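Residue numbers (our numbering), protein chains in the order written: chain A, 16 to 426; chain B, 16 to 426; chain C, 958 to 1083; chain D, 958 to 1083.
It is possible that some hints are incorrect.
What the hints assert, rightly or not - Among chain A residues calculated to face chain C with C-beta under 7 Å, some are:
no.	residue
1	Thr346
2	Asp349
3	Val350
4	Ala353
5	Ala418
6	Thr419
7	Trp420
In case anyone wonders, no lab produced these hints; they're calculated from the structure. Model, not experiment: these values are computed from the prediction. Ideal placement from N, C-alpha and C gives every residue a C-beta, glycine not left out.
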Amino acid sequence: MHLQTTYEHRKGVNDVTCPPPQRGRERGPALYFDNNATTPLLPSVRAAMSEAMETFGNPSSVHFCGEAAAALIDHARAFVAVLLACDPEQVVFNSGGSEGASSVIVGTGLYHLRDGGHFITSAVEHPAVLRACEFVRELGFELSVLPVDGAGRVDPGTLQTVLRPDTRLVSIMHANNETGAFQPLYALSRVAREAGVPFHCDAVQTAGKERIGLAEGFVTISGHKFHGPKGVGALVVRTDAPLQKLIFGGEQEHDRRAGTENLLGIVGLGAAAGAARARLEDPNEQFRRKSIGDRLRAGLSSIHGAVVNSPTEGCLPETVNVSFEGLRGDTIVDVLSARGVAVSSGSACHSAHPDPSHVLLAMGLPADRALGAVRFSSSCLTRRDEVDEVVEITEQTVRQLYATWRSVGTA
Amino acid sequence: MHLQTTYEHRKGVNDVTCPPPQRGRERGPALYFDNNATTPLLPSVRAAMSEAMETFGNPSSVHFCGEAAAALIDHARAFVAVLLACDPEQVVFNSGGSEGASSVIVGTGLYHLRDGGHFITSAVEHPAVLRACEFVRELGFELSVLPVDGAGRVDPGTLQTVLRPDTRLVSIMHANNETGAFQPLYALSRVAREAGVPFHCDAVQTAGKERIGLAEGFVTISGHKFHGPKGVGALVVRTDAPLQKLIFGGEQEHDRRAGTENLLGIVGLGAAAGAARARLEDPNEQFRRKSIGDRLRAGLSSIHGAVVNSPTEGCLPETVNVSFEGLRGDTIVDVLSARGVAVSSGSACHSAHPDPSHVLLAMGLPADRALGAVRFSSSCLTRRDEVDEVVEITEQTVRQLYATWRSVGTA
Amino acid sequence: MARFSDEIIEHFTHPKNVGELPEPDADASVADPVCGDQVHLTVRVGDGRICEARFLAHGCAAALGTASIVTAWIVGMGPEDLARVDEATVTQRVGGLAPGQSHCARLAVEVLHALADDLRTPQGSE
Amino acid sequence: MARFSDEIIEHFTHPKNVGELPEPDADASVADPVCGDQVHLTVRVGDGRICEARFLAHGCAAALGTASIVTAWIVGMGPEDLARVDEATVTQRVGGLAPGQSHCARLAVEVLHALADDLRTPQGSE
Ligand SMILES: Cc1ncc(COP(=O)(O)O)c(C=O)c1O
Ligand SMILES: Cc1ncc(COP(=O)(O)O)c(C=O)c1O
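Working from the sequences, and respecting the hints, build out all of it.
Shown next, in the form of structure tokens:
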């Protein structure tokens, strides 16, 4: 496995992806703009994983088969450590972002079960963090959920006032999965550090896209958000704050997480980390990334009825969250899907009762605007012509939906 | 993906495996007899996983990419359900055996945290079960660790007497990973059922090799023990006994286990389950399996100084645990590894102080016999000539080690 | 199981009979108080049977598709036919509805029954 | 990092000088009370220097390999040379020892020092 500037392989996801819908008239190539949900494997990641299928030892076995497997894991660990600017020993491989966040929050809670205490998080976190925090509240801890401003950001001053001597953990994300809004991570983590409180950053949406130089605390990342495989991630532990283990058994991962390692997944995560690091270091790629993002945002915001929910400044370029006034986001997602465009609605709705996104509501958006939200998210594989095409198909779809329901604003 | 009688592809692991040791004089093909630690991927499993790399949607996404991914998971779930003779909805995919066991034991403990109570396990369980049980004891529960007889078996009558009205869970394995000894699973589970106590069976060593028709309770399986990938497994939930979730986030796996699914791993597990089911239904394969096992046991037990620790009856044919009197198991493992033979010592020793296996000690073996234990484990890929070869190399190695230290029994 | 039948997909991507008929012979509007979906139908009648129908709708994609299918389907029906329509018939006609989409059939039945009532109401009373 | 040097692997798979010399000029036995490893050396001496050595050993593979290496290495040494051997020298001579194997060097040093003492002891006192 070599550090590859894998974005050379950019072909659009069309070549490597799930089939576009087989029904409806539109059978053109798929347009995948749901990269915040998950990303396709890079060719170099696939190659690394395919090659690793030859190696099958249990990394804990002392014989030669075990050594070969352990070497692959060490190699991957080194790549992840470089990406996260930490020591390899600080990388704990796990099954992804939800496990990472749960292991820190629940693990901290269980460690302090007898003495109790206080947790802090924000109103715009991913359910992995919010649900885990609600669970520690059920365990008897107090929980403060910090509000956000109109851009979705937590005020470090507010964190300062809410911190208590018995605060066990502050958990705040790096960038939001629905809007792309960055938190003032360094200011927030400094406030926690100065109070001597462990800090956890859910960096699932930024790992592989942004530098994360957090010098202290816990960082959660997930491979499938930056072209690695699904079901594998890492927790970076840059603190001596104690955690209760949640998964018991052997002493894998420096005795922090038991279970025979997900060898292929870890190899894929390592390869994805290597490729991500190369992109981060390449000014051309960084320029391209921002110009794709700008083009997407400009195109979508020019559509009649569109209002952009992602903040203008301090936002992941890959994420454009936009509401179409008077329309329903879930409907737009379904119609676009039938037309070969994969996007997501802000709300994770699986029923006839779409719930408006807790993130957009926390930002102060009215419920019907939140219900009209659609998230478009690009990746390093997204091409310029795909951006133009997605804007055009979205424009047509939105126009059709407005025609089906009188006019903007009457809904 | 098709149900394949994949053992047609049997070529010996030599063709698909990690390189034999590069040093020492012996560079012949590797002899892999550590299948209880982990197994190589079947060709059909590799093929299914490679094909699934084309599909990358997030199974929770409502659009066409998500649907394609969800369909792969449904397909795999159906194969696992057939193997375990349960409903697909009862299959909860997870990251492997350690998570499975921890999720049942810790999940039961956390659910009953306020009311407390009692847990029962056996002295010969895998560390995943034992450590998780020790943790619930730390949480304030009482724990009974049932003794075993000389064959390593728990007496159902003993279970009966230890059960209490407030027993929250009985966790007993199907077959032991070190010796292959079966527990009287149906008798034990019946005792628990009649007392109305939930039963958990760690079937990691039997899934894919034996039929597991447990009609009630929880069953833990792990893909990499039957030629699936590492880091993926399933918990089968055939009970309405409540569990506290440990990994929070979305509502994946019927809201029992959050996190974006390990798509490739699950596809591999499904393919391995399909192939295992075909082997189970094939009388020739069952005959072959037992004759390979018998040959291995007969060969090893004929070596001067050998004494077999695996019980003669009621034992997985794939497992032969044998002690060489006066020698150290870890030394034999290292010398065999240098000769291209992968086996494991009973003790999971990583230091200069080998600990005798807790399983062999619980069976009443003296410590030095336990320290002399070596586990040989075959799989459906093991060939007859490999068995003969491993016996021969082991015989030479043991002879050499005896020569290095006077004679049997003087150590 | 796919979330949408081919029929529904075809109709929500290419809806037929969108809009309002000017001076319709009958019309009906219904709304689902729970999910907020709304349908508005206008029809023209000849010989006691519907000869043209248009819809406007707001809601989930299945509701839009169902409304479009309905406008084509009811052409040729009289008030008695409309009054006999039930949810099972609609569900079958649209090629099936996934769990969580049954409100679409309910809404269609409601709007057709309301339309039947409107058709039966003497012209003058409008 | 591999658990064993190539040198150690070669020697524990093909140990040299295994056994006991009949009527040796000197011998020494040591045991590690913690890990239980044991080494027994017998040597023959000519001109004040070791000209032949044999070992018996029980313990981990690294200890066996080290003992075998030592029997070849000490040929040509006198008691003063043996007495000067330290753990660093042994570790280097065997091609390195992994963490947890340092007892092998300690054991080798102990047995060589004991051998030096035995060599220095006047013959008659044996
Ligand atoms: C911000 C954030 N945190 C956590 C997660 C959970 O990660 P995973 O799906 O890998 O468990 C996600 C994505 O689903 C996310 O976007
Ligand atoms: C009996 C038994 N239970 C549990 C496990 C743990 O499974 P995993 O390594 O998949 O976490 C193993 C194997 O390591 C095992 O043999």
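Hint check results:
| no. | hint | result |
| --- | --- | --- |
| 1 | Thr346 | 5 Å, holds |
| 2 | Asp349 | 4 Å, holds |
| 3 | Val350 | 6 Å, holds |
| 4 | Ala353 | 5 Å, holds |
| 5 | Ala418 | 6 Å, holds |
| 6 | Thr419 | 5 Å, holds |
| 7 | Trp420 | 4 Å, holds |
In summary, this structure violates none of the numbered hints.
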